[in-house]
Amino acid sequence: MNDFLSRRNFFKLAGAGIAASTVSKVAMAALPEIVSAESANTQTPLHPDTGRPYNPVVTLNGWSLPWRMNNGVKEFHLVAEPVVREIAPGMKAHLWGYNGQSPGPTIEVVEGDKVRIFVTNRLPEVTSVHWHGQPVPNGMDGVSGLTQPAIAPGKTFVYEFEAKRAGSFMYHPHADEMTQMAMGLMGSWVTHPKNPKFMPVDRDFIFLLNAYDIDPGSYTPKINTMLDFNLWTWNSRAFPGIDPLVVRKNDRVRIRVGNLTMTNHPIHLHGHEFQVTGTDGGWVPPTARWPEVTTDIGVGQMRAIEFVANNPGDWAFHCHKSHHTMNAMGHQVPTLLGVQQGDLVDKISNLVPDYMAMGETGMAEMSDMAAMMPMPLPENTLPMMTGKGQFGDVNMGGMFSTLKVREGLAKGDYKDPGHYQFPKGTLAYEFVGDAPEPPRQSATDEKAAVEVQVRKPTGHAGH
Amino acid sequence: MKFFRIMLTCVSVSLALGGCATFSQDGGFDGVKKTSAEHIKQEIVWSKTEAEQKAVADRVAELLKTPLNADSAVQLALLNNKDLQASFYQLGISEADVVQAGRLPNPKFSMLYARNDGDYKIEQALTFNIFSLVTMPKMLEIERSNFEKTKRSVALDVLNLAHETRLAYFNAVAANERLSYSEQVKESAEASAELANRMVKAGNWNALEQATEQSFYAEAIVEYANSKNQQTSAHEALSRLLALPLDQLVLEKRLPDLPQTIDELHAYEKTAFEQRLDLQAMRLETQALAKQLGLTKTTRFINVLEIGPARVLEGRRGDPYKKGVDISFELPLFDWGSAKVAKAEATYMQAVNRTAQLAINAQSEIREAYSRYQTNYEVAKHYRDEIVPLRKKVLQENQLRYNGMLISPFELFANARAQVASVNSYIATLNEFWLAETALQMSLIGSASKEGK
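From first to last, the protein sequence lines are chains A and B. 308 is the number that our numbering gives to position 308 of the first sequence; each next residue is one higher, with no gaps. 1092 is the number that our numbering gives to position 92 of the second sequence; each next residue is one higher, with no gaps.
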C-alpha cells in the first residue's frame, strides 16, 4: 500500500497496436489518443480542466478516463482488451478489461454533456458496450444484434449521446456478455449534476462488485461458473488488496456501488448510519430515504449511499455474506471442528510427509499456522483468510475494506493514515479476575444447556 | 591251450577295436563347469567328500553374512541345492554306462550231461559272444555321445537353477517392497479411519461419510494381508531353491535399478544357436540315435553270435572227450530284424524332427522373451519417469491445496494412496523387467522353466 494514491500513471499508446493496423492513419488521427493505466491502486480524482466543472469521484482501486473536447463534444476512447489485473498482492488474474485494467476507467461527464465514445475492440471476439441505466437513443444502447452490429475484433465503433440524467451508472458489454463479464469487462460511469451545488459531498467513492472463479494455481476465470465463485471482489480486487476509504471526520461521504455479480450483496458499514440516496434509476427523494447500516445491492443494481463520517476510527465495510469476505476455499472441505488430530499426524505423515492437522478449533488457526511456519499454497493463490490489523489477524478476504475516519485530514487527502489510535478508555480490554458465573435459565436444565444432546433415530416409529 | 588262445584273441581284438573305457578323473564335472562358466560367473561344486562338504558349508556361511543380491543368491543355490547335487550324480551314472559299454561280455559256460545205463553224454562248451566285439566300438561311441549329452543336460540343470533362483530372488525382494508400502497404506488408512470416527463423534460427519472412509481402511487390511501372503510365498520359493530356512535369508532392500539402456534384439538372435544347451543336447542325442540306427542295420540278422571251445563225451565214462568248437547264432527265420530297424529309424526320425522343432521354438522363444524384456523395460521406465513423478506432483499440489483449506484431508489421503499405488505399480513393473531379463538370458541357454513366467 506504499504506493497508494501514487501519481496518476498513464502510458500513452497513441496510434499504436491493433487499431493502427485496421484503421487508416487518417482515421486514427481523428480518434482521441488511447490512455491506459498500469497500476491497480486508487488514483487521485481527475479534476476537469475542460468542459463543465464538477466534483470528481474517487474510483476505488481505479481511475477516471481523460477526454478531449472536440467542438463541444466530450470524446473518450475505450479499448476493450486482455489485461493482467492484480487481485491482491500475490495473485494476478488474466482478465479482459478496458485501457489496461479491469474494470475499465470510470467515465465522468456532466449532465447535458454531449458525449462521443470511441470503442476499439482488441479482444479475440466481437463486443459492444451497453451504457447501463442511461437514457440513450435506442441505436446507442449497445445490444449487439438487436440495436447495432457487434464490433468485430480490430474495429472501432462510435457511440454518441447526451448524458441526460445525473446519477451513477455502469458500462459493460452486451455481446457474449456471459463470457465478457465473467472476464471482468466492465466499468463505472458517473454523470455529475449540472449544478455542482446539487447534493454536494466532500468525498465521493465509486466501485463495482464483481466475482471470479479462478482455480488455485491458475490465472483465468472459469467463465462457466454460475454461483460458486471463489473470489468476491470490489473493482476486481480482494482484501487485503482493496484500498481503504479514507475520509476526514465530519465529511459528507457518498459511496456508489454497482453489482455486476450473479448474486445480491448486503453491503454493511460499521459505526455509521447511512441513507440510500440514489440508484441507477435516479436520486431518491429525501422523503423516501430511510436509515440503514446495510443495504442489499441486487444483481445489476447500483446504489449510492450517503452519510456524515462523524465517528473516528477504522470501521469495517464489507459484504455481509460471510463467505464473501473470504478468498478461495474448498467448499467441500468437511468441518473438522472439535476433532482431535494431533496424535494421528505421525501415522498419516508416513504417506503424506508434510501433513499438518488443521481445523480442530476453527479456521482462524490457519492464519496462525501460516504465520508460524511456512505453509506453501498453490501458486497465484490468496490465503482463504488473511490481513493484519494492529491487534493481530483480521482473518478476512474478498469483499472487505475499511472506512478510515480521521480528524484533520486535508481536503483531497486520501492517503492511508495508518492504524487508528484509540483514545484512552475506548478499547475493549481483558477482564482480570474471576468472571462471574453467567446466569442460566434453570438449574435442572444446566446439563442440557452445556451439552448438545443428539437424539439418534432408532427406527421408523415416528414416521 | 587252444581254448584260451581263442579267448585271448577275442579280448585283444575287442581292445583294438574299442579301446578300453575307464572312469575319468573328474567324472565329467569339468565339462559341466566349463559350460556353465560360459553363462554365469558363479561357481559350482560337486561335494562328494566330507572335506568338500565342509568347504561348501563355510562358503554358504560366508555368503549369508551380507544381505543377498541376485548373484549371491544364485551362488548360494548352486552350492546348497540338493537337487543339483542329485543331477551331478547323473554324470556318474552316465559315465558308468560308457565304461560298461567298453567292457567285454562275460564268457558263458554251458554243459550238457546225460546218462543211460552206463552210457554218458556230456557236452561242455565255454562260449563267448563274439558279435559284441563287432558292436562294442559302436556301443561305446553311442554311450560316449550319451555321456556328452548328459554333461550338457547337467549344465542345463545348473543354469536352470541359477535362472529360477534369480526369478525367485527378484520376486522376494519385490514382495518385500510391496509389503512395506501396503503396511504404510494400512497404517495411514487406519489413521484416517480413526479421524473419520472422531468426525462422527464430534457430530461433523454422518454414517455414510464414515462408512466410506472406513471402507478404505477395510480394503487396506485385505491388501496388506495379501501382500503378506505373497511375501511369504515368494520367500518360501527362494528358501526351497537355496535349501535354506527363511530366518537365515536377509535380502537387499530394493530391486536393482533399471539399466540405462537395453540391447538390440539381433544381439540375442545371433548368439542363440551356438549357445542353446538344449539344442546341443538334442543334437548329440540325434547323433547317438543315428549311430544306433547304423548299428541296428548292421546287426539286423544277428543278435547273438557265440563261439567257444567245446568238448563232448559220448559213450562210456572212460571214453575220451571229443574236442571242438561251439558256435551258435540266432536264425533270422521269423524276425529278419525289420521291426527293429523300423523302430530305430522311427526313433531317429522322431529325434530329427524334434530337433528341428526345438530350433524353431528356440528362435521364437528368444523373440518372445526379448519382446517381454523390451516391453517391460519401457513400461517400468514410463512408470519411473512419468507416472510416479506425476502422481507425486499431484500429491504435492494437493498438499498445497490442503494447506489452503481448499481440499479435505480425506481427499489428500486418497491422493496419497493413489501415489503409493503408482509406486507399487512401478515396483511390480520393475520386478517384471528383471524377471523378463532373466528369462531372456535363459532363452539363450535353453527353454525357460515355467516358474516366473
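Misleading hints may appear alongside valid ones.
What the hints assert, rightly or not - In silico lysine to any residue, SDA-like type, Cα no more than 25 Å apart, as pairs:
{"#": "1", "chain 1": "B", "residue 1": "Lys1322", "chain 2": "B", "residue 2": "Leu1126"}
{"#": "2", "chain 1": "B", "residue 1": "Lys1392", "chain 2": "A", "residue 2": "Pro378"}
{"#": "3", "chain 1": "A", "residue 1": "Lys222", "chain 2": "A", "residue 2": "Ala152"}
{"#": "4", "chain 1": "B", "residue 1": "Lys1201", "chain 2": "A", "residue 2": "Pro378"}
{"#": "5", "chain 1": "A", "residue 1": "Lys347", "chain 2": "B", "residue 2": "Gly1203"}
{"#": "6", "chain 1": "B", "residue 1": "Lys1201", "chain 2": "A", "residue 2": "Gly338"}
{"#": "7", "chain 1": "A", "residue 1": "Lys347", "chain 2": "B", "residue 2": "Lys1034"}
{"#": "8", "chain 1": "A", "residue 1": "Lys347", "chain 2": "B", "residue 2": "Glu1219"}
{"#": "9", "chain 1": "B", "residue 1": "Lys1034", "chain 2": "B", "residue 2": "Ala1267"}
{"#": "10", "chain 1": "A", "residue 1": "Lys347", "chain 2": "B", "residue 2": "Gln1210"}
{"#": "11", "chain 1": "B", "residue 1": "Lys1201", "chain 2": "A", "residue 2": "Lys222"}
{"#": "12", "chain 1": "A", "residue 1": "Lys424", "chain 2": "A", "residue 2": "Gly408"}
{"#": "13", "chain 1": "A", "residue 1": "Lys347", "chain 2": "B", "residue 2": "Asn1176"}
{"#": "14", "chain 1": "A", "residue 1": "Lys347", "chain 2": "B", "residue 2": "Ala1225"}
{"#": "15", "chain 1": "A", "residue 1": "Lys347", "chain 2": "B", "residue 2": "Lys1201"}
{"#": "16", "chain 1": "B", "residue 1": "Lys1228", "chain 2": "B", "residue 2": "Lys1201"}
{"#": "17", "chain 1": "B", "residue 1": "Lys1201", "chain 2": "A", "residue 2": "Ala357"}
{"#": "18", "chain 1": "B", "residue 1": "Lys1392", "chain 2": "A", "residue 2": "Asn311"}
{"#": "19", "chain 1": "B", "residue 1": "Lys1138", "chain 2": "B", "residue 2": "Phe1410"}
{"#": "20", "chain 1": "B", "residue 1": "Lys1149", "chain 2": "B", "residue 2": "Arg1317"}
{"#": "21", "chain 1": "B", "residue 1": "Lys1082", "chain 2": "B", "residue 2": "Glu1038"}
{"#": "22", "chain 1": "A", "residue 1": "Lys114", "chain 2": "A", "residue 2": "Asn195"}
{"#": "23", "chain 1": "B", "residue 1": "Lys1392", "chain 2": "A", "residue 2": "Ala357"}
{"#": "24", "chain 1": "A", "residue 1": "Lys347", "chain 2": "B", "residue 2": "Glu1038"}
Said to hold, decoys possible - Taking CB as the label site, the calculated pair distances span:
{"#": "25", "chain 1": "A", "residue 1": "Asn264", "chain 2": "B", "residue 2": "Ala1202", "range": "47 to 55 Å"}
{"#": "26", "chain 1": "A", "residue 1": "Glu125", "chain 2": "B", "residue 2": "Glu1397", "range": "30 to 38 Å"}
{"#": "27", "chain 1": "A", "residue 1": "Gly362", "chain 2": "B", "residue 2": "Asp1257", "range": "44 to 52 Å"}
{"#": "28", "chain 1": "A", "residue 1": "Ala428", "chain 2": "B", "residue 2": "Ala1202", "range": "24 to 32 Å"}
{"#": "29", "chain 1": "B", "residue 1": "Glu1397", "chain 2": "A", "residue 2": "Asn264", "range": "31 to 39 Å"}
{"#": "30", "chain 1": "A", "residue 1": "His320", "chain 2": "B", "residue 2": "Leu1208", "range": "32 to 40 Å"}
{"#": "31", "chain 1": "A", "residue 1": "Tyr219", "chain 2": "B", "residue 2": "Ala1211", "range": "38 to 46 Å"}
{"#": "32", "chain 1": "A", "residue 1": "Tyr219", "chain 2": "B", "residue 2": "Ala1202", "range": "36 to 44 Å"}
{"#": "33", "chain 1": "B", "residue 1": "Asp1257", "chain 2": "A", "residue 2": "Gly389", "range": "37 to 45 Å"}
{"#": "34", "chain 1": "A", "residue 1": "Lys321", "chain 2": "B", "residue 2": "Glu1397", "range": "26 to 34 Å"}
{"#": "35", "chain 1": "A", "residue 1": "Thr147", "chain 2": "B", "residue 2": "His1382", "range": "54 to 62 Å"}
To be verified - Coverage of chain A stretches by chain B, computed from C-beta distances (three or more under 8 Å per stretch; other residues unrestricted):
{"#": "36", "segment": "247-260"}
{"#": "37", "segment": "336-342"}
Hints are computed from structural coordinates only; laboratory data are not their basis. Since we're looking at a predicted model, the values are computed, not measured. Built from N, CA and C at the ideal position, the CB exists for glycine as well.
Structure versus earlier hints - violations, ascending order: 4, 7, 11, 16, 18, 19, 20, 24, 25, 33, 36
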